Each structure stands twice: as C-alpha cells, then as structure tokens.
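S.K.: Please work from the sequences and hints to get the whole structure.
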Amino acid sequence: MEEKGRIGIPKALMFYRYFPLWKIFFEELGWRVIVSNGLGKRGRLIYFEDSCLPMKLLVTHSMDLKDRADHLFLPRLVSLHRSYIMCPKFRGAPDIVRLATEGTVSILDETIDLRMREHSMLQSFLRTGKRLGADEKEGKRAFQKAERLFTNFQKGWEDRINQLPTRQFFEIDIPTPLPPPPSPSPVKGGGELMESPSFLDVKPVEDGCRGEKPLFRVAFVGHPYNLFDTDVNKDVLSFAKSLGMRIITPEGLSEKEIDAQVSDLSKEIYWSSGREIVGSLFHFLSGGVDGVVFLTSFKCGIDALLQEFVRRRLKVRGGSSIPLLILSLDEHSGREGLTTRLEAFRDVMEERKRSNA
Amino acid sequence: MKVTFPHLGTMHIFCKAIAETSGIPYIVPPETSRKTFTLGVQHSNECICLPFKIILGNFIEALKMGADTIVMVGSGPPCRLGLYDLVQKVILEDMGLRYRWLTIPPRLTWQAIWKNYEETKELKKELSWKNILLFPYGLRMGWKKMMACEALEKLAMKVRPREVKKGETQRQLKKALSWVDEARSLRTLNEGLERGRVLIQETEQDPYRTPLKIAIVGELYTVMDPHINRGVEQKLGELGAEVTRTSWFSTHILRSLRKNKADQASERIRFFEASKAYLGYDVGAECNLSIGEAILRSQEGYDGVVHLMPFACMPETTASGILTRVGKDWDIPILTLILDEQEIEGRIQTLLEAFVEMLQWKRKAA
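Protein chains in written order, with our numbering: chain A, 302 to 658; chain B, 751 to 1116.
Below 25 Å or equal to it, Euclidean Cα-Cα: the simulated SDA-like pairs (lysine to any residue) are:
| hint | chain 1 | residue 1 | chain 2 | residue 2 |
| --- | --- | --- | --- | --- |
| 1 | A | LYS568 | B | PRO856 |
| 2 | B | LYS871 | A | SER567 |
| 3 | A | LYS616 | B | TYR849 |
| 4 | A | LYS568 | B | GLN861 |
One side of the interface only, derived from the structure: several residues of chain B facing chain A at Cβ under 10 Å:
| hint | residue |
| --- | --- |
| 5 | ILE798 |
| 6 | CYS799 |
| 7 | GLY826 |
| 8 | GLY1030 |
| 9 | ALA1035 |
| 10 | MET1064 |
| 11 | SER1070 |
| 12 | ILE1072 |
| 13 | THR1086 |
What follows is a set of in silico ranges between Cβ atoms, one per label pair, in the way DEER data are often shown:
| hint | chain 1 | residue 1 | chain 2 | residue 2 | range |
| --- | --- | --- | --- | --- | --- |
| 14 | A | THR405 | B | GLU1017 | 32 to 38 Å |
| 15 | A | SER421 | B | ARG937 | 58 to 64 Å |
| 16 | B | GLY917 | A | GLU637 | 51 to 57 Å |
| 17 | A | GLY344 | B | GLY917 | 48 to 54 Å |
| 18 | B | HIS977 | A | HIS382 | 35 to 41 Å |
| 19 | A | GLN445 | B | LEU1007 | 44 to 50 Å |
The set of hints was computed from the structure by calculation and includes no laboratory data. Please read all numbers here as calculations on a predicted model, not as lab measurements. By construction, the Cβ of each residue, glycine as well, lies at the ideal position given by its N, Cα and C atoms.
M.R.: Below is the structure:
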C-alpha cells in the first residue's frame, strides 16, 4: 500500500504499554509510524515545565519528532479503566506539547476515557482515523486487528522482558522467546548485558549466577514508563538480570488479584495506576517473590502519596519479611547509585535465602 | 467527644462557631507554626503536597492536646486531596494516636450520605438531643461568621495599599476578626462586623494613591491560608498593590452544593471558558481556573498575576507550564511561587518586592 505519511509517536509515558496497539493501527491505515530517539548519552532534556521526569521526557521526545512527522499521536488519556482515572497531568499533556512545539505540528489528541462510551478506545481511534481520512469501516478493521495482535503480544510478557534487551520489549516484530527449558543449560541473558562491559566489572562472579538460571524472583513495581523507559531508570532491568534476578512486573497480575489487595481500603484509590501499584505491592509483599523493587519518579504525586501509605500500612499490619527497595528516579540519578543499591539489595535477598534455608 | 479540624485561613473561626453554638466540645489546633510544619514533614513523604503536611501537623498537635474526633472535608478525584484521609488515617494509626474520623461530604450524593451515616452512628450516641437540635442553628451561625470574615478580609485588601502607616490595616483586621470570633449571638455578630468595618475603614489612608492591581490565583489552600503562603496577600498589599482573589470559602462551598447561580460561581465558569484556548480538557482542581483567570485579568486591566502552588501539586504544575506562555501572549507579568516547608519567607518578600517594582516600571512605561 502506498504510504500516506508519517505518524510520530513519542517514546514516553503510556508508549510503554500501548505502543504495539498504536503502531499496528496506524500501519493498517497505511501510515508509517516513526518513534523518537531516546535521550541517549548526549541527549538534552527540554525543561518546558517543572514536572516529573516522564513528563519532561514527553516534551523532549515530541520536540525530537516535530520536524520529522506529519502528525504527532498524543491521545488525551483521561482514563484507561472503566471506573478509574489517570494522573491529572495526562489530561493536559497534549496541550503542553502543543505549546512547546508552538503549533508547528498537527497533534492527534482524541480523548480516551473508558468511563464514557463515547470516548472508548474504539471510538477514540475511529475519530483519530477520521482525522487521517479513513472511514469508519477501515478504522474499525484496523483497530480490531491491532487489538487482536496486541492481546496476543501481551501474552508471555514475563519471558519477553527476561530474555530480550530492554529496547526490544515493545518491538512487536521481534517474537517473544520461548520460556527457557528447565534443563540446567545456561540461559542467555540477552544481548544488552554484554553491551556494557562495565557491568561485568562491577562485581566479581563468586557464585557463578550470571548466565545461569536466575537465583531470585524479584517483582519490579511502578508505572510502566518508570519500569521500561531506560531514560528514566538507566536500564535498571538489565542490570538486575545480570545480577541473576528474574523480573516479574504487575503486568502479569490479573485485575482480580490486584482488587483483592485494595478492595478493603477505607477509601477507593481512584487512579488506575495507583491502584495497580498499591495492589501489586501488597500482593508481591505477601509472598511468592524474593524481593520487591518499587521504581518511582521524583515528584510523582501519586507515587509519593501511595508509597507513604504502603509503608505505613505494612508497619501497622506487622510488616512483611520480603525486602522492599524503593528507588526514586530523576534526571540526576546516576547509574552508579542505582547499581550500588541494587547490589546491596541482592545481598539482602541472598542473606535472607541463606538464613531461611 | 472532642472534635477538631484543620486550619485554613479563617476557617477555625466559623468551625468553632458551629461547635460552640450547638454545644459540642471542640479543640482548635494551635496556630500553624514551625512546629506544625516539622511534625507534618517528619511524618510524610517529601513529594507529598504541602497542604497534606500542614493538615497532618494540625491533627497531630490537636490529638496530642486531647481531641479525639477529626472533622475533615472530603474531596474526590483527580487531585490528591481526595485521598488525604486514606493516608493520614494510617499515618496517625502508625504513630499510635487514637482518633475517630468524620468526613464532610464534598457533594451530596447517596454514597456520601451513607458514609456520613456510618461514621456518625457511634458519634450520635455521645450527642444529646440538645446538640442535635441546636446544630442547624450552629450551621447558620457558622455561615454568618464565615461571610463576616470574608467581608472584613475583602475590605482589608482594599484599604491595605492605601494605608499610611505600614501594617496598620493588618492590626485592625486582626482586631475586627477577633470581635467576630467572640460573638455569641447573631446580634452581637452583626454589631462586631459593623464595628470591624468602621475600624478598618478608619485606618489612615492616602486617597491620592493609585495602587497596582494584582490577582492571586492558584491552588486554593495556598491561596487561602496566610501561614502557608507566608502572607503573600498582606505583603503585596503593604507593597502598595490592591489584591483580589476568587478563592473564598463561600465560593467553594456554594460550588460543591451546586449553587452555581451566585455571581462568584458564574465567574468560575467564565474563567473556565477562557482557559479553553490553552487547555482542551478539565485538568481538575483549580488548574483551568488559574489559567482562565490570568487571561481575563489581563483583559480587565490588571497589572500582574501571582500564581501560588504547593511544590509537586499535580494540577497546578500543568497550569504553571501553560501560564508562562499565557503571560507572553497576553502581556501580563505572572509570578509563580512554589511553596514548600522550607524557610522561604525572606525569599518571598524579596521576590514580591522585585515583582511589584517591575510592575510599577511597566506601568510608568505604558
């Protein structure tokens, strides 16, 4: 099919959950999807507003795309759940980007609010399609295909994140590797570990865990963009993998499991991401993993409030024996600080395992 | 039973009136001080917004003084205010403080009424029929006192920039507010209000001054409470600016009761409409209104806008990003003050002095 033009999708925020869906939709309609480059080593963050790092990254990535793309895709994410909402900053995000780019690029900012039928995912995408000149039939077909493939893509997420380098997580063309065979044959930890030799020097391999079967099951909890955006977390996931951790994320939990943890609160947490974080923290801290790491962005309002809640509630309820590490990230956090803390955390888990054995 | 409530501007005056008139024992938390800040900060996370910390500090101080029932206004999505109670409850529990919690429903919905019923079930046993009978009268008294405080404050905002002796208006206002506070009946309240009005107007004034006009916009808690904003309103007034703000208890209460027909409420709708040029959606809390008000104030010939927000406030962070552009587009200087628990009173004074001086130059140049 003839290429109609280019849709730019900034690599920020909910990109880190929905990108495959978005990409297939636009490609089905005959548009080419381009994504922004990461910050990289020399990348400069654009400080348009004084918000959390993920929001600043959204502006930075959009600025990167504005001259290359015909349209920027920045849906106004009000709610991604039938009864809970997103952080209020998401509501103004397209407007912030519009001001930052000074109106030089067209922005596709249809509202997605799953609490309302007229703003359902499908309706919103149909409207987006319409703005791109696709009729309802084409739009519907493209969305249904995208949705089907996306549901498929989400299966096997745990194997995907444990066996692929971080930058390939959301590339739908790369198939999810099969789960590692139970035999003691060494499991390749993914190319990226080898990419930076400094990792190999960080700690001598005394116990020979690297490259072998992971020793710890560690839950990484947080907003998807904190977990998977290497510009936010300095690729803490691949470092964790190199330390012999098998990574588990809240993506693998069902809504029921999360609800079970947060349904008895005196007040309902009305942010869907906050619910997911609190629910999965309580879930993982009640057992089944060796450790829990909570990644949060400095200045994230939701995380700041709920982190205090989780900590206090655990204390009131008599605590959990599973170690919890809270890593607060911003544009100044260096890789060294993170690696030191993660290594120390691994030692804690190791000690706990040894004393329990 | 001893009820307590957080501090917010002159709120303690009318909350006290409600409790006193209906004969319910109460404890007013000590005036927000450095100690309150410290307590609040010590027991919360650094990125939680300042109102949370101050309110928590108020509660801790009041509970330690012997209060046992916390009355707190409820709220809803999308801002964090709606979940204050969830987190504050567990913090107080963790600190080993005993308390009961009573939420004032933000909107009269069935769910809110049910929750209120659940919470008051126990409390009602401790109340006598006399308390319950007197309660509507208490509410009326509280409302009247609230309106009286607002009238006095509004008057003081007008007089302050014209005062000859710096700080005199503030002293008179304090005296007048104490008369309102001490009134025990509607008659003495009216008398107190009248006397207060006269007292503030009697402040020696210079009638030849043409003060600058500055609008204060932003998150309501920081706009309304002088302890949190370190007296921005008073400071601007004493620097020679006539200040206006649209955040008052009456506006917010009438708004939640859906009595939007009042003038003040329709002003909010006007602000909201004006913000649509920059914001395509209701971000929540006061975000859109801050932007809309700044735009409209520039059209109304105001000299400047002061935008107040707590550090890391979610909706106002968006607003502050957009306001930088609004200021350029509409040629109105906007000063955003981000408030947190640090000792920033001196810094604020300097910033405001520079801001006012800049506005004066701008006016002269025009």
